[in-house]
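**Student:** The primary structure of each chain is shown beneath.
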Amino acid sequence: MKESYLLAYKIRKVEQSLLDLFGKGLVGGTIHTCVGQEFSGISLASHLSSGDVVVSNHRCHGHYLAIYQDYEGLIAEILGKPHGVNQGFGGSQHIHRNGFYSSGIQGGMVPTAAGVALSNKIAKNNNIAISFIGDGTLGQGVIYETLNFISKHNLPHLIVVENNFYSQSTSQHETLSGTIADRARAFGVDYFCASTNAPDLLIEQMGMAVSFVRNHSRPALIEVQTYRLNPHSKGDDQRDPKEIDEAKERDSLNIFLKTLIPEVEKEINEFDLYVDQVIKKALETPDSIILEMDKSAKVQYSENKMNPIENQTTQLKEMNKAFHQIFTNNPEALFLGEDVKDPYGGAFKASKGLSSHFEGRVLNMPISEPSLIGISLGASTTGRLVFSEIMFGDFLALAFDQILNHAAKMKRMFGKLVKAPLIIRTPMGGGRGYGATHSQCIEKHFLGIPDLDFFVFHPRVDAFKFYNTLATHVQHPAIVFEHKLLYSQDPFKKVPDFYELYESTEKFPYTRLRSAEGADITVVALGSMGMTLEPLMKTFSEEEVYLDVIYPLDLNSPHLIQEISDSVRKTKKILFLEEGTPVHSLSDSLLSELSKRLSSEVTFHSKVLNAKPLPLPASTYLEKQVLPKSKDVENAIWELFDE
Amino acid sequence: MSDFIYKVHRENPNDEFVIVASLSKKSGSEIKTNEIVCSLEATKNAYDVEAPQDGYLFFKHNEGDRVEIGDTLFAISSNKDFTFTEIIKTDDSQSGRITRKAQKIIDEFGIDSSVFLNSGARVGEKEVRDYIEKNNLVSKASQSTEILPDVHFIDEEPSPTKAFEIHYLKQSSDVIYSKVSREISLELIEKIQKTYPGTTLGEIVSFGTLSAIKKFPYVNSCYTKNKIRKYSDYNLGVAINIGKGLKVPVIKNFSQLTLSEISKIFKDLAMSYVRDELKGSDLVNGTFTMTDLSSLGVKDFMPVVNKDQGAILGICAPSPFTKSFNIILGFDHRIIDGMYAAQFLKEIEASLRKL
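As you go down the protein sequences, you meet chains U and P in turn.
Note that the numbering used here has the first sequence beginning at 1344, numbered continuously upward.
Note that the numbering used here has the second sequence beginning at 16, numbered continuously upward.
None of these hints come from the bench; they were simulated from the model.
Mixed in with the good hints there might be a few duds.
Stated by the list, open to error - Listed below are the simulated DSS-like cross-link pairs for lysine-lysine, each with C-alpha atoms no more than 30 angstroms apart in a straight line:
| hint | chain 1 | residue 1 | chain 2 | residue 2 |
| --- | --- | --- | --- | --- |
| 1 | P | K155 | U | K1950 |
| 2 | P | K141 | U | K1913 |
| 3 | U | K1950 | P | K119 |
| 4 | P | K294 | P | K282 |
| 5 | U | K1972 | P | K116 |
| 6 | U | K1837 | P | K116 |
| 7 | U | K1837 | U | K1972 |
| 8 | P | K206 | P | K194 |
| 9 | U | K1974 | P | K116 |
| 10 | P | K230 | P | K267 |
| 11 | U | K1915 | P | K119 |
| 12 | U | K1881 | U | K1660 |
| 13 | P | K141 | U | K1881 |
| 14 | U | K1837 | P | K141 |
| 15 | U | K1356 | U | K1591 |
| 16 | U | K1915 | P | K116 |
| 17 | U | K1836 | P | K116 |
| 18 | U | K1495 | U | K1692 |
| 19 | P | K116 | U | K1950 |
| 20 | U | K1950 | P | K141 |
| 21 | U | K1648 | P | K116 |
| 22 | U | K1913 | P | K155 |
| 23 | U | K1974 | U | K1915 |
| 24 | U | K1915 | P | K141 |
| 25 | P | K149 | U | K1913 |
| 26 | U | K1974 | P | K119 |
| 27 | U | K1915 | P | K155 |
| 28 | P | K119 | U | K1881 |
| 29 | U | K1881 | P | K116 |
| 30 | P | K141 | U | K1648 |
| 31 | P | K119 | U | K1913 |
| 32 | U | K1915 | P | K149 |
| 33 | U | K1664 | U | K1762 |
| 34 | U | K1972 | P | K119 |
| 35 | U | K1974 | P | K141 |
| 36 | P | K116 | U | K1913 |
| 37 | U | K1648 | U | K1850 |
| 38 | U | K1913 | P | K242 |
Let's have the full structure, built from the sequences with the hints guiding it.
**Tutor:** Structure representation (structure tokens):
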């Protein structure tokens, strides 16, 4: 037990030192200390196996130090130094090392841990996942989605609820109904309880909980009652000072330190000196600088002429074929979504047949988009390729936090590249009369999120090739927007007269329709808009007006904007076609980039065609009045031509 | 074989009519393919019309007539008793449809789209571009936007003669102009005039030029379609303006002539100019031009290179103080550089010294 107390002392010493540094203005931002709660992390550390994954939270120092005793790594991290565990990129709240992750979003990474547990369960490797949350986090819905899922699937996932009775400075009495124990029991999750005021019992209880989860491959929840002796972060404390003083009296470490035995005193003094040296060294070390972490060599590319051969296929068939192929080639791959298993096979039948051929690798998820993405992300961090299907693109909004704050952060938030081969895919768009919440094109809300690969399907995407390529190369989360009208399209159908089809030689090529007759107007057609444009091209050809049509696929490809710029240099006219609403649209983004490139060189005319900024009406007749239609495209072309 | 009807077409955009300079045959006579039917004079340039087929020739106009662009001038028929019936104006609905692109170009160039009315097929970009090239048209957009001065003024249409001049000079608008001058002693000229009495300064310099030009082939060339076209013929255009507008009669193969012959030709040309006897055929195919402003007291000027030529020689008036005068070579810098031009001028002087 002496060792546990010493460890607790060391954690407290490091955190007190960090607070001193903060007081001196040497630490920026904020830090959340766990003074008084140290035994929570310590109780877990001794029960971990090497393959276990711990997912912590904003108050993570104690958990990290208890497991790794990497005092210098943490201090240097918080001081923003290159020898910090994440070179200063993560800081106090975002720490990653081997099987350890933490994040500043309350409860956001609980499904990540569940995803790891799912992967462990499928791999039958006896490893478990642990997530730490506080009692304040019990207000988050994603916690309950995860409890539901881990219980249903018997996942080896231990949730540690550190109950310090406060959310920042708000008492639990104001925010929490019922009991923590009842929450666990309601989902059929086994419940354990202990307190940091009795460290020996806590360690024992934690050991029991860990063993239960590991040996029964079942989830459990352990409530660790504790008290935070310091404010939530620094000065934000409205608690009764008397209550805090009483807690300090009861604190196990304080009691231990009062009855110091000489040998411990020596170790304590040595450690104090060590921390001083570590801080001195860190302060003398130059700050970290941002190095280009993702230095991919400049890719040479060109365009290939394509000879599409109609073969009575559709994008949906090609996609489904791709998933079967990928699942055959990659036995680790998973497919998660709502209603995706046979016989239903997904709302648009993209996964039809997959669950029958690959048993156990296709999961029907509860209706819970946030945890669907979070669990998929967690499973992908274990190296598995994971497809995550969002039934209607509109529902992505529910999972926005998971995509923005977790999936897209995984790659570089921790100062090193963390792999997470996750493919989020979803059907978008109107034209089917599904109404305002099942018909939107909300791609624009996801464009520009750093480290989220972004693909938009168009009528000539070879979906089989695309998904096979993506499955082979995906290392970090990618999002693929498939327009529901495109599912029935034959990507290999004949190109309009006078036109030839080209594709860039990139991994994720843009597609181009060009005429030997030249080009009068550059047209960038996003999503399904090519379906409206192509039938009109005959009309333009009859008037000797020829288009340079570009179908973007990878919106982040530097070559895409390069080609659009080169085309506009010649035509000096560009039309963007996009079904999404105006303002900050994909078109606006491309147009802005185009202006930056061309403003000093050429004057060009531009037009952007979007849907009207209205909730999409359900009635087919009304819907047609809102979406960009054939006549609008034709008029836009003539207006540009006449400029 | 069907009857051939010849309608006067527009040679340049400012022409509203042509003048029938001469008819080579009488109405009703037989004519063979490629035989010249008549000579026409547009505002300035002149051209011959050849017969496209054999047959009997019938004129609708006489020599000296003004014929509006688009009017019928003559017919060639296999029928000896051909008579002009009213030529039925083509119905709009039967004419070719003009594509939007073609229409846009038509608008850009300010072309009267009725010129395409007789086209049977669709009028597309190609047909319009061909027409533009054939007629050397310039788009409206390429003419710079005018900023009006803040004073009173009256806009006056340039006379047809002046308009043609502008049009003619504008052909070489993409030329990079430059010029080089050389001072020549008046003593040298006076010495030559003693040997060749009655010769003028201009005639003597022209002779020097024709002696020098064979050694400097790039002076007798032009820049066209990204190539330098060196002429094998030496046809000297002589810019004359003595009261009836600028005309540039051409002396063909002038490099073979003696100074006495040149002197005679110059005097004949001046006479024809005054009497309005210069024919269309006298005004075309120049390969190099000379412009003499010596009689006007001019010390220096920038001679403008003519269409399809690479250089022009300017002659300035002698100075009574220095007893010398300047000769100037204006040239297209895409063909000739300053040093080459200077050497050419030096060679002119050298050949005069040999006289």
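**Student:** Is the straight-line distance between the alpha-carbon of U/K1356 and that of U/K1591 30 angstroms or less?
**Tutor:** holds (16 angstroms)
**Student:** Starting from P/K119, check that the Cα of U/K1913 is at most 30 angstroms away, please.
**Tutor:** With a Cα-Cα distance of about 18 angstroms, the restraint between P/K119 and U/K1913 holds, given a limit of 30 angstroms.
**Student:** Assess, step by step, whether the Cα of U/K1915 is no farther than 30 angstroms from the Cα of P/K149, and give holds or violated.
**Tutor:** At roughly 27 angstroms apart (the allowed maximum being 30 angstroms), P/K149 and U/K1915 satisfy the hint.
**Student:** Need the status of pair U/K1972, P/K119: alpha-carbon distance at most 30 angstroms?
**Tutor:** Answer holds: U/K1972 to P/K119 is near 26 angstroms, not above 30 angstroms.
**Student:** Is the straight-line distance between the alpha-carbon of P/K230 and that of P/K267 30 angstroms or less?
**Tutor:** Distance of about 18 angstroms is within 30 angstroms: holds.
**Student:** Would you mind confirming whether the straight-line C-alpha gap from U/K1950 to P/K141 stays at or under 30 angstroms?
**Tutor:** Given pair U/K1950, P/K141 holds - Cα atoms ~28 angstroms apart, limit 30 angstroms.
**Student:** Straight-line Cα separation of U/K1648 and P/K116 no greater than 30 angstroms?
**Tutor:** Given pair U/K1648, P/K116 holds - Cα atoms ~27 angstroms apart, limit 30 angstroms.
**Student:** For the pair we were handed, U/K1915 and P/K116, check the Cα-Cα distance against 30 angstroms.
**Tutor:** Answer holds: U/K1915 to P/K116 is near 15 angstroms, not above 30 angstroms.
**Student:** Just to be careful, I want the Cα atoms of U/K1974 and P/K141 compared with a cutoff of 30 angstroms; is the pair within it?
**Tutor:** Holds: U/K1974 and P/K141 sit about 28 angstroms apart, inside 30 angstroms.
**Student:** Tell me if the straight-line CA distance from P/K116 to U/K1913 falls inside 30 angstroms.
**Tutor:** OK: P/K116 and U/K1913 at ~16 angstroms, within 30 angstroms.
**Student:** Taken at face value, is the distance from the CA of P/K282 to the CA of P/K294 at most 30 angstroms?
**Tutor:** holds (16 angstroms)
**Student:** Verify the proposed pairing of U/K1915 with P/K119, using a straight-line Cα cut of 30 angstroms.
**Tutor:** Holds, at roughly 16 angstroms.
Comparing the model with each earlier hint shows no violations; every hint is respected.
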